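Here the protein sequences line up with chains Y and L, keeping their order.
The first sequence begins at 0 in numbering that gives the first Met the number 0 and counts up one residue at a time.
The second sequence begins at 0 in numbering that gives the first Met the number 0 and counts up one residue at a time.
The set of hints was computed from the structure by calculation and includes no laboratory data.
Just so you know, these numbers come straight off a predicted model, no measurement behind them.
It is possible that part of the hints are untrue.
Stated by the list, open to error - Quick look at which bits of chain L chain Y covers, simulated, 3 or more residues with Cβ under 8 Å:
1) 112-119
2) 124-130
3) 200-206
4) 213-227
Yeah, the Cβ is synthetic: ideal placement off N, Cα and C, and Gly gets one too.
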Amino acid sequence: MSASEGNKNTNTEPWGGFDDNLIQGTGSAVIDMENMDDTSGSSFEDMGEMHQRMKEEEEVAQEAEATEEDTGEDGEFLGMKGLKGQLGRQVADEVWRAGKRQASKAFNLYANIDILRPYFDVEPIQVRNRLIESLIPIRMINFPQKVAGELYGPMMLVFTLVAILLHGMKTSGTVIREGTLMGTAIGTCFGYWLGVSAFIYFLAYLCNAQITMLQMLSLLGYGLFSHCVVLFVTYSVHFHSLFYLLWLIIGGLSTLRMVAVLISRTVGHTPRLILCGSLAALHMLFLLYLHFAYHKIVEGILDTLEGPNFPPIQRVARDLPDIVAVMNATVKGLAAGAMHTQ
Amino acid sequence: MAEVDEANKPLFAGLSDVSISEDIPVEGDITVPMASSSADDEFSTLDEPVKDTILRDLKAVGNKFVHVMYPKKSSALLRDWDLWGPLLLCVTLALLLQGGSADSKEDGGPQFAEVFVIIWFGSVIITLNSKLLGGTISFFQSLCVLGYCILPLTVAMLVCRLVLLLVSAATASFVVRLVIVTASFGWSTFASTAFLADSQPPNRKALVVYPVFLFYFVIGWMILTFSPSS
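Produce the complete structure using the sequences and hints provided.
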């Protein structure tokens with residue numbers, strides 16, 4: 000890729016024009032490195048890479064034509080008109096063009112959402128099927144199971160989880176001091192999805208498992224479907240025993256599915272144990288955390304409403320009148336003391 | 000007949016009819032200096048009084064409000080998009096939603112920022128999503144549509160505040176507010192899909208509608224759970 004670009008030479012100015020090799024050199028290196036270890040057999044990564052390469056080749060060819068035409072004309076002018084300010088204008092022109100080229104290359108590389116386009120190429124029926132499949136553990140672990148590398152489903156599930164968490168936080172009257180409810184919910188959910196995916200991918204790399212980062216993101220993202228279902232049900236119907244039952248059944252099913260996919264892609268007992276053990280632990284513990292972090296308040300309030308026995312754990316919001324009373328008394332005492340010493 | 004005549008003529012016969020006047024420099028510049036200055040005069044709005052500009056912008060915003068309240072299949076929202084309307088609606092909604100929790104001293108600030116961030120961040124995400132799914136709508140057009148379709152929810156917020164002031168029974172006021180918010184949430188979603196869904200391939204409309212549904216659901220639910228601290 001970069002070898003062919005390096006041979007273009009558009010230096011026609013006497014002072015040696017800008018070196019196009021520097022500007023046009025390494026546009027597609029990022030894409031190449033990412034897809035070197037592609038073992039999935041799915042065509043999503045290939046499509047993205049090919050698309051990107053074709054686009055950049057087109058752009059480079061167009062720009063090369065444009066610059067060759069322009070510098071050809073300018074060269075003739077220089078010969079005829081000499082130093083009549085043409086040189087200054089040319090320099091300015093060339094600087095502007097080089098800067099524009101560089102900026103548009105940087106923009107195309109970093110702000111180009113077309114890189115993500117193949118990962119969103121899904122039909123509604125596929126999304127629905129994958130959602131249902133995420134709760135069905137597979138039986139065949141002798142050969143690698145295919146994992147779809149798409150990002151639409153996981154992203155929508157993360158946002159749905161954020162919405163459900165918000166509902167839970169508001170119902171439980173959580174008061175967040177430093178920050179906002181929304182920030183906490185988004186941070187928790189996205190942090191889990193991206194962070195745990197990266198961690199398990201790192202472990203998979205250590206254990207020689209055949210899985211790419213995209214597939215890991217996709218797998219974990221669809222595993223969040225179980226979390227959404229369990230939390231949605233238990234934030235509406237407040238029964239502790241129901242939550243434990245759903246936690247075991249639905250959480251367990253989705254964990255089994257993810258674990259089975261990972262087992263089918265790993266060899267050796269110890270690597271399998273490490274990888275699947277950590278994934279199962281993190282998955283189940285996250286659901287437990289989401290439930291208990293924002294659910295205790297409702298239980299506490301319900302218990303006190305029902306009977307005279309107070310729950311052992313009290314949160315700040317309900318203790319506020321006591322604190323205010325204590326503060327008032329302290330302030331009054333201090334004021335009285337100050338008056339006395341004066 | 001005409002085709003046979005044209006084929007018999009020599010290839011470049013028509014070129015001799017083109018005449019170039021002497022005062023136009025032929026240096027590869029396509030635009031003619033005279034024409035460009037007159038085009039500038041027509042569209043330049045720099046010299047008009049400020050009142051005219053403001054009134055014209057307000058009229059455009061008001062026109063789009065009408066289009067949102069009666070969502071027919073028109074392209075007025077898409078053709079000349081602007082972000083004044085969404086900004087106005089966003090700020091109004093954020094101000095109305097302020098101070099609605101137990102610790103109003105501490106949550107006054109974050110409430111405003113929260114609503115602001117939810118609306119704009121959510122709109123950006125939905126726009127990116129619809130573009131990635133192959134939509135033909137541009138970035139700012141989509142932001143404009145999503146922002147304007149918050150209007151029914153803002154109206155519902157005003158009505159809910161009135162209901163909270165006037166009706167003292169908790170259950171009755173909750174039921175009334177639930178009905179109002181549900182109706183306006185449905186209206187918002189319907190209005191925005193009327194504008195956005197046309198730009199998608201037909202079998203993927205559900206994929207674009209779901210995030211919009213979620214977005215207005217979160218806003219509607221924030222309005223429903225709003226209770227002013229006394």
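Structure-based check of each hint:
1. Only when three residues or more bring their CB closer than 8 Å to a CB of chain Y does the claim for the stretch 112-119 of chain L stand; here the count is 4, and the claim holds.
2. Check result for the stretch 124-130 of chain L against chain Y: holds, 4 residues qualifying (beta carbon to beta carbon below 8 Å, three or more required).
3. As drawn, the stretch 200-206 of chain L meets chain Y at 4 residues by the rule of a beta-carbon pair under 8 Å; at three or more, the given contact holds.
4. With 5 residues having a beta carbon nearer than 8 Å to a beta carbon of chain Y, the stretch 213-227 of chain L meets the requirement of three or more and the stated coverage holds.
Checked against the numbered hints above, the structure breaks none of them.
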